[in-house]
Amino acid sequence: MTTERSLIPNPSLVAILLVIRDPAGGNLVFHYPPQPRAEAAHNTSSWRIGETNTDCTSSNSSFSSSSDDDDEADDRKSRSTVRLYGGGIATERSVVTSQRSRSYDQRSSRRRRDSDHEYDEEEDDDDEAGEAVGAEWEHVLGFRHDVLAGLLSVPRTLAKSRFELSVDHSVFLGYPCYSRVDGTWQRKKKDRKPKSEGPKGEEEKEVHTSDADNDDEDAKGNDADDEDPDDVALSRSKSPNPPPSERKKIKRESRKVDPTPSKLAMFHIVFVMNPPQLEYHSRMRDMYDVAKQFTMALKTQQSEDDYVAREAERILEIRERGEKRGDSMHELWSRIIRESTLAAAIATLYQSLSASKIAHLKVNGFDFALQIPIMMETSMLPSISEPQLPGMHLTTLRTISATPTEDEDALMTPHFTLLFLEDVDDIIKEIVLDQDQSSLSASFVQFIQNCRPMVSFAQMLSPTSDASAPHPENPEYQYIEYFARHLIYWRKARAIMPLHYRRYYIVSPNADMKRLVTQSIVFAKLFPALPPLPKMLSLLSGKPRPYSAYIPSKDHRQAYMDMLAWLMRYGWVTNLLTFAYLKIPKDIKVAVRERQKREQAEAAVEMIQAATVGAAAAVSTVSNNGNSPRMMSASVEKSIANGTAIPNAGIEEEPKTSASAGGDSNIPNSRPRTGWSDVTDSSATAPSRSTNPTTNTPGTPFEKMESSSGQLEDSILCDPSRATPLESAWIERLTEGQPPDIVALFDRLVKYLDGQHAIECIALREAISKKELKRVLNAMDRYIVYARHW
Amino acid sequence: MSIKCIFYSYFDADKGPRVLYQVPENSVTPSSDIPSQPPTLFSFDEISDYIIPKQQLCDRLITFCRNRYRLLGYPICLEDDKYDRNEFIFNFAIVLDESEEFSSYKPVVKKLARLFKALEEQMGFLWNEVTRSSVYTLIEQVMEDLNSYCECMIPINESNTINLKLFPTIPPPPPVKAYHVPISTVRFESIMDSNWDLTMQRIIPFIDGVNSVRRISELADADYTLTKKCISELLYYGCVIMVDVFRFANIYAVNSELYNFVNDGATTTTGGGLQEECQAYISSTGRLLDFPTILDLYTSLRQGLTVGEWSLENAERLKDVDVRRFIQFGIIKGFLYRVHKYPVRIDDGTGAVATVGAATAAIGSSVDLHALAIGHGPETPGAVSAIGGKMGKSMTTGSGILMADRSLPLLRYLDGAHHFDSICTDLQQSEKDVLKNLAAYPIEIIDR
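Chains as they are written, first to last, in the UniProt record's numbering: chain A, 1 to 790; chain B, 1 to 448.
Simulated from the structure, these hints should not be mistaken for laboratory data. Keep in mind that a hint or two might mislead.
As the list claims (entries may be wrong) - Covered stretches of chain A (in silico footprint by chain B; criterion: 3 or more residues with CB under 8 Å from a CB of chain B, positions within the stretch not fixed):
{"id": "1", "region": "15-22"}
{"id": "2", "region": "148-155"}
{"id": "3", "region": "340-354"}
{"id": "4", "region": "534-542"}
Note that the Cβ used here is the ideal one computed from N, Cα and C, for glycine as well.
Next comes chain A alone, as it looks inside the complex (with noise of 0.2 Å):
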């Protein structure tokens, strides 16, 4: 059984911990959260039917588990849905998330305010479980803390490489690091090789290196499934630029080290997960992702000035003071979460990844972010046995996401637009407060201003010409698609198709009912002007019809799209697209068919006489110079060009066969033909050749034609833009008789019209007018079949 990748963002996550080996041997030296439950809260209880009934009895238990929480396992979902996907209070929380997170920028000595308070919160409900102070962390997991240690210090030859290890219910995930055989660290001397002195090279060395670094270590390692680590995650800052005072101090700190054997042995990262049974695969396969990404980001501090061994030293110095002092978990934790900047990077990835946020981390001046991304959109409506994802916007549309992928349509991407899932002024405050004031960061905040979802990305660079679209390499154009891509990898923004009061917007089939109540209020509160949201939804609930029917007037047209923003980004309506399939009627094909039979029946008599004289020429004489069977293989694959339209190989392949024997047999006088094998294989061939066009060519599609005659009725062709030849012919003759302009245009547009392109992209795709579509659609309107969906 496959395990399908679920949208319901759960990150399974138990634990981090950070397991080292020194020259004392392995030890764990720091873990979070302080008392790990190894059944996280999270986690779906109901999955774990096969658990339960597994003892090869029978799964009679099911019957009682699977059904007992499902109105609970119901809520539970829907209750997380909200919580993720935007919605008021998602908003406020993630504007709390980013400024704690910008609390561990700022961070040196100044992070004990904001990092108190958040273990206040973290560990009230920790303390009720242990009140055994003093020996607490002797157990992690329901470990003792050495076996644990020794489980996770693994051997060298099982290092680089994905370590997975479960005992029981708990999985532990990783990517050991061990140093150099020499005990160094660093790289060799081939990658420091300075590039460049600028920021900017830093940054491509910083990539470049660990890099080179990790693919020179696994070609000696035997694990195959290390792909690089992603650089575009690992180097996105919260804001697009890092600033280059800190990548300077990172190059100088790098040139003073002295290469000698650090302490160090190896460092661990363990990701403790329980992911439920049916997810395995896919939960794992994320967060090894990260896993990974973290730890080769930490790696490369460790060779820059042992970052890591320094940062264990503390942590183990701390635990040692505290535990001769008696302090308690909870101070003791705290404190070194206060000190080590590792620590603290490992709360906060806990902290962000169980919350299914981005962490956003720094470690040893290096500002990076990693997390498990989460799905924005989805095209699927999920039936009623399925399980919901209430306010998840819907569309089809194949938008740009945070990372280019294959999926995306590059003539369409000028097109688009973002909206924004929070307020605007909140994200560019978040971003002024985050980095000084260098250029790059005045013109980020600049495109969020100028960023409308009623206007695409084209639009914001030519205002005045609306259809032609930026050359992808127009580098302002460029900087565009950057930014977008980095405000929608922080989860900031959306993209979408602009906003036009001339589309057709319905209440989204996937919106969350239930938070009509709290969302109507707000909704009162921005816009006091305009019907109240469940009038305004009521509204829409009626026929589709163009948004402008909603607006009572032309001033009212601005508030009604800024709403319609609103209702967009809460995922209550969503823009319904039209989708046009090209119907073949029955009297096209009888015509193609007609006309067929005709050409066919000529170019059959036409074959039969050109083959008996091949034949006869390729046996009569060894040294005719094959002129007459050329003629006639060319006669052969014009009547098959022409529309005999057998859509079978076979049958075409014969005739290539007769060409090249054809050609062979075309070899100049002058060479005089020596063995048997060219008399041989031209006789061999002839037969077929003779046989072939009277009897196999075009009676095969006689057949064909004869058999379905019965039954030829109108169909809807699937993908015209792979037609067989058969189906070009029906294609061809839909237009027939249409003026030479529809014609050339219907030909260019025909490939849209598969059900899966929406009209509203085709003008703008093909740089067309609207117009002109339209007098295209029109006038072939009799052979389409328009469907309306998201």
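Given chain A, put chain B in place with the hints provided.
Below, chain B alone, put in the same frame as chain A:
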């Protein structure tokens, strides 16, 4: 899905962790004949720590990934004077592909370990060299049978047999609601026997694709909760699928899955089957509609148009069509979705949603209710009336609120989170009656 290897390993007092038997040979340790050849899957020595672990980790299911293989083991530790160092640690490990769904193997590994533990305790099966020698044949047989038949039954002696079976893990069924309509996918009469659950036997005759879960429990005179559980069970095993209650007042529209329906016929040369299935399923007279007509009919279903209105518009084309089956086919195949109607009670003053009942705190709602009943806005701090009982039927504030009393159970459904199907099945009223009872309140109806 198949087992790549099963091996038996134990802790040797002199040599450390050792693999004694492996099927097939040379999988995890080099065979003795050609020691130079590396094992085919991975090297046991590298990971022996996780197969023969410390005593604290015994009696637990341990899995480990190596070289794109996943090992499942259940190390057992026995203590007895007769063993060297007074303890005997062994493990029967199963090796699978790493990407394989392995949950069904977990209980198998555990059971195998416990069985050999029992054998060892009873008669020293593994310690005794004579009996031990049969282990290779046993694990070979287990591997072969599980790979071929997903189960095995191998007698060892009078009192012990290896009985194993792989059970697939099936996701839990979605929650069953009162307004869901189950449609059977199997012939119940052919698979049901007298040993089946009594409620199950009672309700099955009423599963006909028309009755809702609530209605089934009424018709079968069965307890509603039990009915729900039974249907949930049927859903779990895929014996039924769920659709909505069909009525001509319903609204349906196509969704993004439509493409798959249309494309089905084209992808396979034999004609897909889905479209033919549809033609046959929806026909009421035996005359089949051509596919473009069917597609045209489906795409003409849209938001704001009831099935009744749609049938009138297309009466001519629908004369050979069973409209209920036409709609159900789209729902079952997933390219049609039901547009539900949600009645929402509006607060006259603000226009926001007026809340009542379960969604909000009991006190707040009763204030609101009371205020509504006596004709004031919700701001009026009316006397607090308690709502007793789940359906909120008893209002204790006295006179003049009879009307509110009758519509009371209704009002708590009007927060936008309940559609008419749910309200009507819960209250067992028709949509018309519900609307009539609501006539006194400002209502907006949202189609979603």
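Please write out, lowest number first, the hints stated earlier that are contradicted by the structure. 1 and 3
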